[in-house]
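S.K.: Read off the chains here:
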Amino acid sequence: MSVDAASLLIKVRAQAPVVHHLTNWVTIYDCANIVKAFGASPVMAHAPEEVEEMAGIASALVLNIGTLTVDFIESMKLAAASANKRGIPVVLDVCGAGATRLRDEKSFELLNERRIDIIKGNASEVARIAGKGVSTRGVDSGEVRHNLIEVAIDLARQRACTVVVTGEADIVSNGRDTYLVKNGHALMAAVVGTGCMAASAIGTFAAVERDYVKAAAAGLACYEIAAELAAVTAAGPGTFKERLFDEVYKLLPQTVAERQRIEPV
Amino acid sequence: MSVDAASLLIKVRAQAPVVHHLTNWVTIYDCANIVKAFGASPVMAHAPEEVEEMAGIASALVLNIGTLTVDFIESMKLAAASANKRGIPVVLDVCGAGATRLRDEKSFELLNERRIDIIKGNASEVARIAGKGVSTRGVDSGEVRHNLIEVAIDLARQRACTVVVTGEADIVSNGRDTYLVKNGHALMAAVVGTGCMAASAIGTFAAVERDYVKAAAAGLACYEIAAELAAVTAAGPGTFKERLFDEVYKLLPQTVAERQRIEPV
Amino acid sequence: MSVDAASLLIKVRAQAPVVHHLTNWVTIYDCANIVKAFGASPVMAHAPEEVEEMAGIASALVLNIGTLTVDFIESMKLAAASANKRGIPVVLDVCGAGATRLRDEKSFELLNERRIDIIKGNASEVARIAGKGVSTRGVDSGEVRHNLIEVAIDLARQRACTVVVTGEADIVSNGRDTYLVKNGHALMAAVVGTGCMAASAIGTFAAVERDYVKAAAAGLACYEIAAELAAVTAAGPGTFKERLFDEVYKLLPQTVAERQRIEPV
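Protein chains in written order, with the numbering used here: chain A, 23 to 287; chain B, 23 to 287; chain C, 23 to 287.
Be aware that a few hints might be false.
Identical chains share a label here; the pair holds if one copy fits it or two copies do between them.
Said to hold, decoys possible - Below, simulated SDA-like cross-link-like pairs (lysine to any residue); rule was C-alpha separation at most 25 Å, straight line:
id: 1; residue 1: K107; residue 2: A211
id: 2; residue 1: K99; residue 2: D199
id: 3; residue 1: K272; residue 2: S29
id: 4; residue 1: K99; residue 2: V254
id: 5; residue 1: K154; residue 2: K272
id: 6; residue 1: K272; residue 2: E75
id: 7; residue 1: K107; residue 2: R137
id: 8; residue 1: K272; residue 2: A253
id: 9; residue 1: K33; residue 2: A208
id: 10; residue 1: K272; residue 2: E135
No lab work stands behind these hints, which were simulated from the structure alone. All values derive from a computational prediction rather than experimental measurement.
Here chain A stands alone, though its shape is the one from the complex:
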């Protein structure tokens, strides 16, 4: 049941999977660039006329509702239908769930109408998706009043999917296997886009590993180990982010093997 993140990193680089995104307009560049830094091939496309075809040449689909509109969600549904038909993994970043009714409604529509393989959010977002009472403030905070690990496991079982709750220790569960990923650095919380990039990292690894709980844990660990290394020489959040791309690009499997902190629960 242990996760070998280093081997999956090697697999990502060897296979260079195409990762199709319909993501938010704030961090779209970062999502594409982190996928590329991992050695995979990002593609961003959202026109309803082409999303099915684009998902048809991809090995994973990443959806992020951070700057959703009604039309954009319809494109996500088309892309997800195509991904579902082909059996490639679909990651849904429920960015900002709980902040507005639209975000909640559209998150549930996507979850109910399409097969979502991996739900990813922070504590308050996932709690909302799990139907737990929670207060959200903006897109990156919120208090959670339930045991988060239980919430993740329950949601994973309820939706028959993998659930990722990002935080100081990330929770990854498919309702049966549950891991904590304890890598990462405090500077990640000081930069816009680290959460969105985490979803892209997860999608990239899920493209090469069908056990999505392992893929998600490995993707998060590799990404966060790179963050740890980037923080060593960073002078603040600006330089940290650029060095994060450097470190993801240069990340050695041996370093991953030595530093990974993926613990079964």
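Following the hints, position chains B and C against chain A.
M.R.: Only chains B and C this time, still in chain A's reference frame:
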């Protein structure tokens, strides 16, 4: 009548206000990231179905017409109506005003149909909004043929708002109190997004200080002091921008107190 | 028939042309920022109500279909019609051509309905536009089964335009004069946006030089010499990209003259 920028910086960090943006697609990341670097909480949302609700949980609203469309302006009006109702500050960056009829018309619509608390632009943009003859070339230049300080004061009185004219010395006036902010660095003009981030800085400080002329002057001063510090070690506009985020994040109130150059007119 | 890239760089800085873009949402910031780093003036505008007017104050128009929608292509057509009327150069980056039917169809619509002065793409994209069989995978790869230089020359003659095929050696041809640009660095392929920025560099130089094959070769050479310099101190793709902006901004004509590798075919 003096402005204590350091105290307002402390207040921003303590309150971590949510700053809702409907901004342009070129610099949307930078706008979000500068707010976060200041210790506040950015949220970007533009769907007509959610903007009122999102403005309803924010402490300030920042609008920027840099990549406007007709629909996007309608979303801005919905968000501004919600902000007006709650009495939170609305900043309007009249990015590119004067370049096309659409930009002029939509700027005036926003100004006439909603309460805009702070109008922000460069010399040619503000002159155009003030109804003064001016030639604009692109979005970041233009000759101004009127005394800029008078233009700012007149516009502030006419619109009963605060007016910010960015430049080597920024002008901030509510028609009664007028300041020049003389911080900043020449490299700011060599990077796309420094103007948009200035509007976000102003919005962030207006979220915690109801005297908007002081908030705007303080926000600009803090942002521009960080730019001065970033320029010290930057090798050009690329590294300058990353270090700007570092310096905003690390900015000490004492440094602000020592370096602020906010002069009453 | 030799290309004097250094002189064109001086001309760009002296004239500071306005370069209007309708580009993709992933790299829109980078496209704007590279134009600014060259000393020119970027403007991004896509609303159908203003694109003709905006193209009317520009000295070049850059189109990029990377995140196309049907409506966005209609705005491109309006802008291109305005540019055609005024005789300013129109660059089309056929980003992702070959990946979906929509991209192919819309590329051909633009090429057939408007005058495109410079077609720019990677090997697989240009081969597709030239009607050659090619397999595309994502937006930045693909195998080409024809002699690329011939493909470029043929397409340039067929469309009576300049064709740019980016790669380790870039091909630039107007069907009569053909050059290889051999500057650049391997790290460019590890960062999202280097291809899009190449189109912006070409547009910037075409704004000041009516011989578009020379303009394209010079723009690419300057941009790629800056990349070579950036790579010297970069620790990976993240820091490389920031330093690329630094080096473009600081690029000395003398350095360009010494390092340019533009070879007639």
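S.K.: Tell me, in ascending order, the numbers of any earlier hints that this structure violates.
M.R.: 1, 2, 4, 5, 6 and 10
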